[in-house]
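Engineer: Sequence:
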Amino acid sequence: NMIYFDLELFDVTNQTITNNTTGGNCGYAFANMPMGGDYVVSAERNHDPLNGVSTKDLISIQRHLFGQEAFTTAEEYIAADINASQSISAADLFELRNVLLGISEGFTNNESWKFIPGDYEFENTNNPLNENIPETFVIEGLNSDYHVDFKGIKIGDVNGSVILNDSPALNGRSDG
Numbered sequence: 440n441m442i443y444f445d446l447e448l449f450d451v452t453n454q455t456i457t458n459n460t461t462g463g464n465c466g467y468a469f470a471n472m473p474m475g476g477d478y479v480v481s482a483e484r485n486h487d488p489l490n491g492v493s494t495k496d497l498i499s500i501q502r503h504l505f506g507q508e509a510f511t512t513a514e515e516y517i518a519a520d521i522n523a524s525q526s527i528s529a530a531d532l533f534e535l536r537n538v539l540l541g542i543s544e545g546f547t548n549n550e551s552w553k554f555i556p557g558d559y560e561f562e563n564t565n566n567p568l569n570e571n572i573p574e575t576f577v578i579e580g581l582n583s584d585y586h587v588d589f590k591g592i593k594i595g596d597v598n599g600s601v602i603l604n605d606s607p608a609l610n611g612r613s614d615g
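So the sequence shown is numbered by my numbering: it starts at 440 and just counts up by one.
Please keep in mind that the hints were generated in silico from the structure rather than gathered at the bench. Be careful, since some hints might not be right.
Restraint ranges, calculated between C-beta atoms of paired labels, are given here [what the hints assert, rightly or not]:
no. : residue 1 : residue 2 : range
1   : Lys590    : Asn565    : 15 to 25 Å
2   : Asn582    : Ser528    : 40 to 50 Å
3   : Leu540    : Thr511    : 24 to 34 Å
4   : Asn537    : Leu568    : 14 to 24 Å
5   : Leu489    : Ser524    : 13 to 23 Å
6   : Glu579    : Leu540    : 14 to 24 Å
7   : Ser528    : Ser583    : 10 to 20 Å
8   : Met474    : Ala529    : 48 to 58 Å
9   : Asp558    : Met474    : 15 to 25 Å
Note that the Cβ used here is the ideal one computed from N, Cα and C, for glycine as well.
The whole structure should be built from the sequences, with the hints applied where relevant.
Structural biologist: Written out as structure tokens, the structure is:
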């Protein structure tokens, strides 16, 4: 399964930005990166906020808040923090409900996906929202090829039902 997302390479040394959209294998290679340079790689996707989001997710967040069924993974906590306040509260339920009912087209203070470096290890999976979770991969003094992985977490999709096999053609995006 795959999902297309935007990649950004910020060249700290030359203060330039290169943007592109991932291809069919979700991979992309940035060319012409001079050795010794400093770079920051980030990923983003802010499309289709309802993909994978349903009343089941709303109920899961509600059950967590009422102490009936606590989340067990860091990804559930991040997905439930709809308003990106670093906590889960009734405000998250309210915002998710507004998107589900079509009152809002997207999340007010959050994008529809959060990407973190794939090798990031959470300090506390029971309270990850208090961590300073990186959303970029920093390369200082490029001296070899790097393989950078990002883990995508769909905001609002607590139960992991997002459909990943979309394509740019389905949402009006192109590979260029």
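Engineer: Does each hint hold? Answer for all of them.
Structural biologist: Structure-based check of each hint:
no., hint, result
1, Lys590 x Asn565: 15 to 25 Å, "18 Å, holds"
2, Asn582 x Ser528: 40 to 50 Å, "45 Å, holds"
3, Leu540 x Thr511: 24 to 34 Å, "28 Å, holds"
4, Asn537 x Leu568: 14 to 24 Å, "21 Å, holds"
5, Leu489 x Ser524: 13 to 23 Å, "21 Å, holds"
6, Glu579 x Leu540: 14 to 24 Å, "46 Å, violated"
7, Ser528 x Ser583: 10 to 20 Å, "44 Å, violated"
8, Met474 x Ala529: 48 to 58 Å, "51 Å, holds"
9, Asp558 x Met474: 15 to 25 Å, "23 Å, holds"
Checked against the numbered hints listed earlier, the structure breaks hints 6, 7; every other hint is satisfied.
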